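**Q** Full structure from sequences and hints, please.
Protein chains: 2
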Amino acid sequence: MAETVTNNNMTTQQLYTTYTSLLQKAADLHSAAAVLEWDQETYMPPKGAEARGRQLATLASQAHDILTSEQLENTLKELSTRSDLDETQQANVRLSLKDLEKNKKLPSAFVEAMSKQTSECFNAWIAARKKNDYSLFAPSLKKMIALKQEQARLYGYTGHPYDALLDDYEPGATVAMLEGVFAKIKNELPGLLARIKAVPQVSNDCFHANFPRQQQWDFSIDVLKAMGYDMEAGRQDYAEHPFTTSFSSNDVRITTRVDEHNYASLLWSTIHEGGHALYEQGLPEAQYGLPLGAAASLGIHESQSRLWENCVGRGYSMWQHFYPVLQRYFPEQLNEVSVDTFFKAMNRVEPSLIRTEADEVTYHFHVMIRYEIEKGLMEGSVDPETLPQVWNSMYEKYLGVTPPDDVKGILQDVHWSHGSFGYFPTYSLGSFYAAQFFMQAHKAIPGLDELLAMGDMAPLLHWLREHIHRYGRQYTSEELCERVTGERLNTAYFMQYIADKHTKVYG
Amino acid sequence: MAETVTNNNMTTQQLYTTYTSLLQKAADLHSAAAVLEWDQETYMPPKGAEARGRQLATLASQAHDILTSEQLENTLKELSTRSDLDETQQANVRLSLKDLEKNKKLPSAFVEAMSKQTSECFNAWIAARKKNDYSLFAPSLKKMIALKQEQARLYGYTGHPYDALLDDYEPGATVAMLEGVFAKIKNELPGLLARIKAVPQVSNDCFHANFPRQQQWDFSIDVLKAMGYDMEAGRQDYAEHPFTTSFSSNDVRITTRVDEHNYASLLWSTIHEGGHALYEQGLPEAQYGLPLGAAASLGIHESQSRLWENCVGRGYSMWQHFYPVLQRYFPEQLNEVSVDTFFKAMNRVEPSLIRTEADEVTYHFHVMIRYEIEKGLMEGSVDPETLPQVWNSMYEKYLGVTPPDDVKGILQDVHWSHGSFGYFPTYSLGSFYAAQFFMQAHKAIPGLDELLAMGDMAPLLHWLREHIHRYGRQYTSEELCERVTGERLNTAYFMQYIADKHTKVYG
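Heads up: the protein sequence lines correspond to chains A and B, in order. Per this note's numbering, the first sequence starts with residue 2, numbered consecutively. Per this note's numbering, the second sequence starts with residue 2, numbered consecutively.
Hints listed in this document are in silico derivations from the structure and should not be mistaken for laboratory results. Don't take each hint at face value.
You can't tell identical chains apart in this list, so a pair holds if it fits in one copy or across any two.
Stated by the list, open to error - In silico SDA-like cross-links for lysine to any residue, where the CA-CA straight-line distance does not exceed 25 Å:
{"id": "1", "residue 1": "K131", "residue 2": "A240"}
{"id": "2", "residue 1": "K143", "residue 2": "H443"}
{"id": "3", "residue 1": "K505", "residue 2": "N133"}
{"id": "4", "residue 1": "K143", "residue 2": "A199"}
{"id": "5", "residue 1": "K48", "residue 2": "K226"}
This structure is a prediction, so every number in the text was calculated from the model and none was measured.
**A** Here it is as structure tokens:
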């Protein structure tokens, strides 16, 4: 209470400084945790894991204490009554209040239970994968689902309980919105897939030679530099699962993986993470730790990675410049392979079992299956006991493939064991936003394809920086989409993009 | 006050758990900072520096808040009245109370002023080095000296003001003790140096061929493994200035440097840091974050690095096994070089200007010069304005060399710019303790030289673990020395060790 009294006497600038220093202190702790996690995935010796886990827990709890402190709450409440904040400050205060009020809805007992359950559930998932047996995961997952239902209740919702969870990943997204989006995709994508299946398959044999890792690495660095990834403000390392992490917009790192017998493994992973990293490097430095210094949503983040990975990185234009460069790295492997063959190989469509290895067309069936299941689990219409059967029958229905076992089916993704319900849809939203943004970029940047064909990616990055990156969380995904493209998300752009591409590939 | 009332009602075990969880939380924050610093020196992209500085400051202040909290103070005070603590617990509580009381002697205003002055002084040192001009460093250094004098007053002392500062690095060390130690060295070392100068110099040409970095690296890993450094609980990386850092006894990392045209650069640096790392890996895991989980002192830490670097790594025995291994890595460079020639080269004695490049004999003159100057600055008998002249005349007197400029003279070490007055003596103490411990190890381990000559270093490490590492801070350096060797520090062992070695080298 003494705090509030003091707050009343403070000038708006003093209050705003108190607010930013609290948030930036929490951000420093989160950034430190991100460095520790980066290290854990890249260089940490194996025996370091146990102490690392405790150190991460301490950093998280210290940051949480700041973000739920009375001092922050009182400062924000007082700030929200002041009329002399500029537009940026207003947006930060508004969003921070929203975050705070959301955080406060979860009692510490619930946060603790969730944290314990996440750890238990992840271990159960690992054990179940090892034995290839969903039944070892089911009891833990059921408890997790109950906790997520409880979380939705605590957050509150007006429509579907799943809406409350979606907001953690994609503020503003709802089941109603996703139903509309996926309905169109579900209507149109099967037709495209059927047309592709009806013509002869293209070959991707050209990826399966021996590609020494150092040359793969060096070429990926060439591409990252061309994309405009600032190597003075980031770096690439190897990790088992590729990811992007940021410790400030001046230190944004990516990781990649390599397979010397499959060229497709490293490069598109690098470009994908590079796209995420360009977004993070483009966030406004002065807003470090504040809402306007953070990404708009996971969907928008994914739109940046997929725009670079798919629209650019699997487009024909880029390879007019880069394929000869790649051939110089791998003359023996690629001199006899034409750029057309290479382009077709990278865009080959084939229904498969594993989401992370899926092509641009079938990928969205993988996501829709997970979305349907998550929605059903949250509303109670899907029984967790029957998940493998539900999963398998949906794979048969949508993709015509049958998982031979749990590891290649229901146990393939880590997300549910982490309690990340509501995350999957952002992958598809990212692709759809990407296609819409890329179409808009073509309108805004004259000769974009010709520029890409000369290896000049700077105008595209500049456009993304100007229209998307620099706003941070100032707008929701849909507001941002409307500002950038003149309309809200419209999957027609994605359908157009994917149909055009596969006409080139399959005729 | 409410806290104290609560504490009275808590069982000793509850109190002890409160105490350990507070200290371990602070240790987690310090460990996180250590990871960030390690990253800063190894992999961080250049633009990451600014945000990293702020993140480190936040971690330090969060840890400081815990370590100076009323909760910790009340818990410790109550614990110190309890009679049912075991011996280990008693030692932890006693040392933590000492730390707390020492911390409390520095008001926050002083801590803040010191932190600012450290940053200013370090920048001034960098700028002065760039221009090779001490006068650019002097004003900042004078302020730093005034602060260190103030710090000594705040800590309090009965003998010399420098005693108060020494305690930060070498608890228990005093000017009175150091005067005794250095007096003997000052009496005896010049005679040894004169005898060496009177006979023909040995050659170290064999170090100056082309030694490809990868082979240097691989051999250094062979040696680290033989020393018993657990590569599952640590790793080696490159950094400009070699160092050891620890995030728990299960994650202790070292860095090294390489010069392809000077073999001496990498290997002994690796062995030195390896010695530090073995100590850290040998500290009791269960005491993480508590005094008994930390090193006894910098002098004891340095005794471990120097025992391995000098007593073992520049001893003849080890090379009977390892020189043939090294020759296999560098057949062209070393097949014509005998192990005797190699042994002499690594032990060549030659007065020089730079401390970090000095040999085992002349090294201690470098330290004594700094010790004399620090003592004089603290008691006010040395004028900071005249430091270059004081420095140069001491180098002429002790080593017969004259620094041609400030960078090779008074500006060579970073320590004073960090406010680290009282640190230098621990380097010499480390060498002296090392010789005494190594002599004792010979008595305790039958056939130690023969074991080393077979490449078997395990018995030596086992002995160090049993007699030194496992105790953490339980004993002061001198108590530990007495327990291990039966007497307090006695430089006769060092003089004996160094005389024996240089009889072998110079006849």
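**Q** Would you list, in rising numerical order, the hints stated earlier that this structure does not obey?
**A** The structure conflicts with hints 2, 3 and 4, although it agrees with all the remaining ones.
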